[in-house]
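For the sequence shown, the numbering used here assigns the number 4 to the initial residue and increments by one for each residue that follows.
Keep in mind the hints are simulated off the structure, nothing from the lab. Treat the hints with caution; some may be incorrect.
[Unchecked claim] Subject to a maximum C-alpha distance of 16 Å in a straight line, what follows is the list of computed EDC-like cross-link-like pairs (lysine to aspartate or glutamate):
{"#": "1", "residue 1": "Lys57", "residue 2": "Asp79"}
{"#": "2", "residue 1": "Lys36", "residue 2": "Glu67"}
{"#": "3", "residue 1": "Lys78", "residue 2": "Glu34"}
{"#": "4", "residue 1": "Lys36", "residue 2": "Asp79"}
{"#": "5", "residue 1": "Lys36", "residue 2": "Glu59"}
A quick note: this is a predicted structure, and the numbers were derived from the prediction, not measured.
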Amino acid sequence: MERSLSLFPACCVIILLLAAEMGPMMADARECKSPSGDFQGICLSNDVCATICKLEGFSSGGCEGVFDRECICYKDCF
Numbered sequence: 004m005e006r007s008l009s010l011f012p013a014c015c016v017i018i019l020l021l022a023a024e025m026g027p028m029m030a031d032a033r034e035c036k037s038p039s040g041d042f043q044g045i046c047l048s049n050d051v052c053a054t055i056c057k058l059e060g061f062s063s064g065g066c067e068g069v070f071d072r073e074c075i076c077y078k079d080c081f
């Protein structure tokens, strides 16, 4: 009985240390891509694309593609 009482505080300390080490777990945000719905024509300027994407509610945007460059908008998704 005395031995189990002496182990109890040690077990509590170990549990507290493990709980503190884990901390709050946050999910890493992924970046979702979507073609712009408002951009017209071939995308030649990342700045223009980003501006249009922001007007559409995205966080940013940029031109992608080699021959058929299109404006792709980005936002964080979970």
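Hints, verified against the model:
A threshold of 16 Å between alpha carbons decides the hint, and for lysine 57 with aspartate 79 the separation of about 13 Å falls inside it, so the pair holds. For the hint linking lysine 36 to glutamate 67, the alpha-carbon distance of about 11 Å falls within 16 Å, and the restraint holds. Restraint check for lysine 78 and glutamate 34: satisfied, since their Cα atoms lie roughly 6 Å apart, inside the 16 Å limit. For the proposed pair lysine 36 and aspartate 79, the alpha carbon gap of about 9 Å is at most 16 Å, so the pair holds.
Restraint check: the Cα-Cα separation between lysine 36 and glutamate 59 comes to about 13 Å, which is no more than 16 Å; the hinted pair holds.
This entry satisfies every hint, going by the numbered hints stated previously.
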